[in-house]
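K.L.:
Start from the sequences and build out the full structure, keeping to the hints where you can.
Number of protein chains: 4
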Amino acid sequence: MSENVHPKSTSLAEFEKAANEKLPEFVRTYYSHPGEGGQTYRDNCRAFKRYRLVPRNLRDVYIRDTSVTVLGSKLNLPVAIAPTSIHKLGHPEAERATARGAASMNTAMVLSSWSHFSLEQVAAAAPRGVLWFYLLFYRDRGRMKRLLERAERAGYTAIVLTVDTPLFPFSLRRKPVVYPIQFSLPNIWLDDVAPGLPGSTEHDAYLKKIVKEAATWEDVKWVKNNTRLPIVLKGILSAEDARTAMDLGVSGIYVSNHGGREQDGVPATIDVLPDIVRAVGGEAEVYLDGGVRTGTDVLKALALGARCVFIGRPALWGLACNGAEGVQRVLQIMKDELSLAMARAGCAKISDIQPSLVVHQSYYGVPPMAKY
Amino acid sequence: MSENVHPKSTSLAEFEKAANEKLPEFVRTYYSHPGEGGQTYRDNCRAFKRYRLVPRNLRDVYIRDTSVTVLGSKLNLPVAIAPTSIHKLGHPEAERATARGAASMNTAMVLSSWSHFSLEQVAAAAPRGVLWFYLLFYRDRGRMKRLLERAERAGYTAIVLTVDTPLFPFSLRRKPVVYPIQFSLPNIWLDDVAPGLPGSTEHDAYLKKIVKEAATWEDVKWVKNNTRLPIVLKGILSAEDARTAMDLGVSGIYVSNHGGREQDGVPATIDVLPDIVRAVGGEAEVYLDGGVRTGTDVLKALALGARCVFIGRPALWGLACNGAEGVQRVLQIMKDELSLAMARAGCAKISDIQPSLVVHQSYYGVPPMAKY
Amino acid sequence: MSENVHPKSTSLAEFEKAANEKLPEFVRTYYSHPGEGGQTYRDNCRAFKRYRLVPRNLRDVYIRDTSVTVLGSKLNLPVAIAPTSIHKLGHPEAERATARGAASMNTAMVLSSWSHFSLEQVAAAAPRGVLWFYLLFYRDRGRMKRLLERAERAGYTAIVLTVDTPLFPFSLRRKPVVYPIQFSLPNIWLDDVAPGLPGSTEHDAYLKKIVKEAATWEDVKWVKNNTRLPIVLKGILSAEDARTAMDLGVSGIYVSNHGGREQDGVPATIDVLPDIVRAVGGEAEVYLDGGVRTGTDVLKALALGARCVFIGRPALWGLACNGAEGVQRVLQIMKDELSLAMARAGCAKISDIQPSLVVHQSYYGVPPMAKY
Amino acid sequence: MSENVHPKSTSLAEFEKAANEKLPEFVRTYYSHPGEGGQTYRDNCRAFKRYRLVPRNLRDVYIRDTSVTVLGSKLNLPVAIAPTSIHKLGHPEAERATARGAASMNTAMVLSSWSHFSLEQVAAAAPRGVLWFYLLFYRDRGRMKRLLERAERAGYTAIVLTVDTPLFPFSLRRKPVVYPIQFSLPNIWLDDVAPGLPGSTEHDAYLKKIVKEAATWEDVKWVKNNTRLPIVLKGILSAEDARTAMDLGVSGIYVSNHGGREQDGVPATIDVLPDIVRAVGGEAEVYLDGGVRTGTDVLKALALGARCVFIGRPALWGLACNGAEGVQRVLQIMKDELSLAMARAGCAKISDIQPSLVVHQSYYGVPPMAKY
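Chains as they are written, first to last, in the numbering used here: chain X, 1 to 372; chain G, 1 to 372; chain D, 1 to 372; chain R, 1 to 372.
It should be emphasised that the hints constitute simulated quantities derived from the structure, not laboratory data.
It cannot be assumed that every hint is accurate.
All copies of an identical chain are treated as equivalent in the list; a pair is satisfied when it fits inside any one copy or across any two copies.
[Unchecked claim] List time: in silico DSSO-like cross-link candidates among lysine-lysine, alpha-carbon distance up to 30 Å: (1) K175 to K22; (2) K145 to K212; (3) K349 to K74; (4) K349 to K224; (5) K349 to K212; (6) K221 to K349; (7) K208 to K349; (8) K224 to K145; (9) K209 to K349.
P.N.:
Structural data, given as structure tokens:
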């Protein structure tokens, strides 16, 4: 590894610290940014601690296999990269570096439409990577059709639709944002001439004109009917919506509260997971992001029914610290920690991770403690 | 807007901060003043955080309508102004400014009997406003009759009776209060010659002579029989009293603990709301005040069955910062925040706000966290 | 009142502060002294805050009557003085001053056997007071018989037996205690020549010889059979023991954990009260001490079934601040606060205080808050 | 006692403080070392506080007997010494001193395989002590057989198998550890020539070669079939594993989470104890370690079904402070505190300690408090 590596970072918490020391104020704030009072943002992490592991002993766990199959792709670990925007804020190689880091660990990455590199460029940077594309809803369905075709052609294996952002930041802000770096948005601009820099009033107006805010189930149906790729809905928190998605033939329910950046006061994702898993009833795969910081967190999410979890900010910390190698290291830590947690819980392979491994602390009448 | 506006105040918390910086110690303390140990005062705000939103996605929420009909009046938002006393402490234009602020947003205001301007003066200041009058109980029913007639004539559309103050501060205090400003109480003095300044021993004795403390259900019946206006009871916390009120034909149950200023140790209003709504069973409208500080709070209260919520201290913060415009701005923030929270919850109009949007955190076994 | 009065003390919390400023370190520590980690000591006070008042409104509460009949004696308020030892540490007039303070408010006082003045002296100091005598168990039943006769003759109206101290401090300590003042123990020494000062090794040995530690139900039976006065058992925390007491014809169950000074980790008294009241089933009166600091606390205890509550440390704070007048003032504050709390709860007399006035916060799923 | 004694240490908390002041940083950290975020480490202690004692009064408890029979051996108190490694870090006499301290109080000690003195040397140092041997699983069963025979011959009366450490620290660490002292591991090295110092890369590789990590139920069966001593499984947290152990004829279930040093996020031992006791159903004895710091903790554990509890770190604090005498003193404190707690709870002997003595605070709806 290069001298740029932070060899001491042996946990995601240390990567967070290192990234926060390195990044300029703007980016640091942009990354962490919680909504309103930050209740959900903080609760995402804390909620994991409320689930207790009840390990099983004396199983043969000398060799563990952390691999899992997600929408037909085999991943070496059940931890993939959540879609986040503008990786160039963290590293000049941006989404290409993140994709290379994910591919090097043989796990998946969801490429955001808000990326500095085109979906083809990212695919080319990580030719053997498992890539999913987060597609925006547009007013012009021709635009959507073209993007779906490009994603299919470039080898993306799933389409992710984000459903928890009916109104986008560009639609809500009152004054322009000046980013500390310049970047392009090739997956949004397509053949347009972009009017001004991203964050400018002109650019916001342009986005408002082309993006379809407040999309509906009809739009999901349309996407489903216009691609051969499986559809994943990201941002589902209610069992009711999970059922509706099942009726539409959605392949993946991605439980997320947008990292606590959108509506504050919604539950932690790990807390709603069991209800969603019950509602889906095995008809689709269920994923989760929000607050996953340790291998123990991953183990808990899988025990509660997630097929795979996603990490957003931690990947950006790795990227900011050391590009693709940083992303790789973050994923390696998650794999090592998960492997150790599996050993201690008596699980040799992912399918050994059963619901009975986890008990909510309320089972013991356990109240919270100030220092958790 | 005038240069007096605080353009940075984009949340009620910022208005609170700005008002507390501007107001003299006496008024600051007078406004916030919690009863006894302040348990209920603090709990009012915190309780909202214990209810979690479970948003519905992919509804068409591009355009939202926050309007609601309250006792037959259409309001542009389900947030109105609670009765508070002596607005002149915050702004020389006092209740006239508050009423103008409310009217400019097309919402309702409850005028307190403890106001510096007469009910006719306030009505004249906001001719298109929706105004309710908070009537004191007097020993002399002729005095009450005259006030009811004046309120009707001046266009007030409801009579609010406060039931959680059987003994008034003037009755409990042991030494006179010296207010930092002079003000009159035209809705109490009527044709009397007021003996001394408000807060003085003489004036307290005068109040004690004319006001009927510890009013009873018989007094409510009398008011009901002596006005054509609908009656609202403010300060109800028990389902039992809500049922009694229904039997008497009361039109509105206004859940309140007097902002935590009276009896300490009573529940937060949002916590008792569901029981009250159940007891009322649709026979009257149910309102709430106490701790409402964000659009998300409003959404939660409406999901739990409130027809409309009231804000007390936040309106005074707005008034103190910038008179009518400050009040208007506070209401505008509430409207904008509610509209955004509705969008994110999947609600295009008020009637879309259903009980299933809200789950108490105890459903998830969620314990509290130190920082909420 | 004398110039020694602390006119600013309008709450028991203020009396605590004033007493702690005035008293020497030894006494301050002696008064507050919690057992082990202090969990029960702190919980006694905090537990009251977990019970919420649900007031009833619009009752005629203009005039309230706080009087109550306890074991046949009419008290002006349902707050009496708990037995505590060596009042001379707080004031030279010691138990005589405390008794005068209680009598001046027409409430009861339990005189401890560990008092500086004899039971006759205390009775003479407060001739119209309601006095109960806390009798120690002695190895020599003749000694007990003589004390019972003296208590009866002196006009005491109940015998209190403390059951939560099977081993006394004199039995547990390893080195002598040197008190900052000298005092006698006439209700223990009787006709003995006391060997050394209280707290000395000789005196401890003497006590160990005459006092019967680890008394049993048989001893209670003996007392019951050897006095015409009603028996009160102080220190009961289990429903099982309350039932046994009923079978023995005990007249009063006094729920106490010794102010958190003995066994740590036992429940707050207000928390066990409902179970005890249920177990007693009206066959005896139920009292409580531990953490009562406000009129609201009193109201809650009565709603949960206590006939009367006792205050220990607060009476000592009053005594330390201003002798009999300080005790009187502490009781007057409790009476005023209770009266106000009754008014706000809709109760004109003690029998109006019903169980439905109080709800445990867990009913609302309310979690604790850091600042309570 | 020597001048080295800490006469002021009258509680285990004081021993902890004294030991931490005396020990070098390396050892202090080595002793306390919690896993991951330390949640379980802290919860072990705090959990005890969530169980409340409901004492019974008026029992004859003047004389108490704290003795108990554990696997057929009579111990003077139900508190024994948990297996911990390398006592030489705390005192030059190491395990010999600890064993002498335990024997002087007539209680049991579990000798770890990670000890500086051989099992024969330790047995010789405490000829009348009750000793159990914690055996590692080895790849070479001949090695295990030889150790079992040596333990039997040296008078050990039980074999303890630790089941919560499928992967050992030597297997997980990436860089060598340099201990501040030199020590041998005679119960592991046997006839081998140890390659390098403990903690070195060579030594770790050697351990990895001989120790069988991730042992299974088959290994337990083999041990059971190759010794006449009763088998105790240490580290059981699930009722499922407790049942499996019963089917294999295990004699003791030792509930432990390794002092919170291994997998973080597992429940406090006192919290899982009731489930384990229920699962075992009287077919074996149940023990517990983790967070036992006071006699009250011991009382609670016994009321919830433990036959005996073990202390790990507290024994090391005693050892570090004053060798065998320090260990003895720690045990004496536990005995005295237990005896007092028994008196106050109405228990004259261990069999009087019944489940009804303890209530979880959730029974009272009691929320946590910041300061516990």
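K.L.:
Are the hints correct? Go through all of them and say.
P.N.:
Verification of the hints:
1. K175 to K22: both (27 Å within a copy, 27 Å between copies)
2. K145 to K212: within (14 Å within a copy, 58 Å between copies)
3. K349 to K74: Answer is within: at 14 Å inside a copy they meet the 30 Å cutoff, but 45 Å across does not.
4. K349 to K224: between (33 Å within a copy, 29 Å between copies)
5. K349 to K212: between (43 Å within a copy, 20 Å between copies)
6. K221 to K349: between (36 Å within a copy, 24 Å between copies)
7. K208 to K349: between (47 Å within a copy, 22 Å between copies)
8. K224 to K145: Within one copy only: 11 Å inside a chain, 65 Å across chains, cut-off 30 Å.
9. K209 to K349: between (49 Å within a copy, 24 Å between copies)
No hint from the list above goes unmet by this structure.
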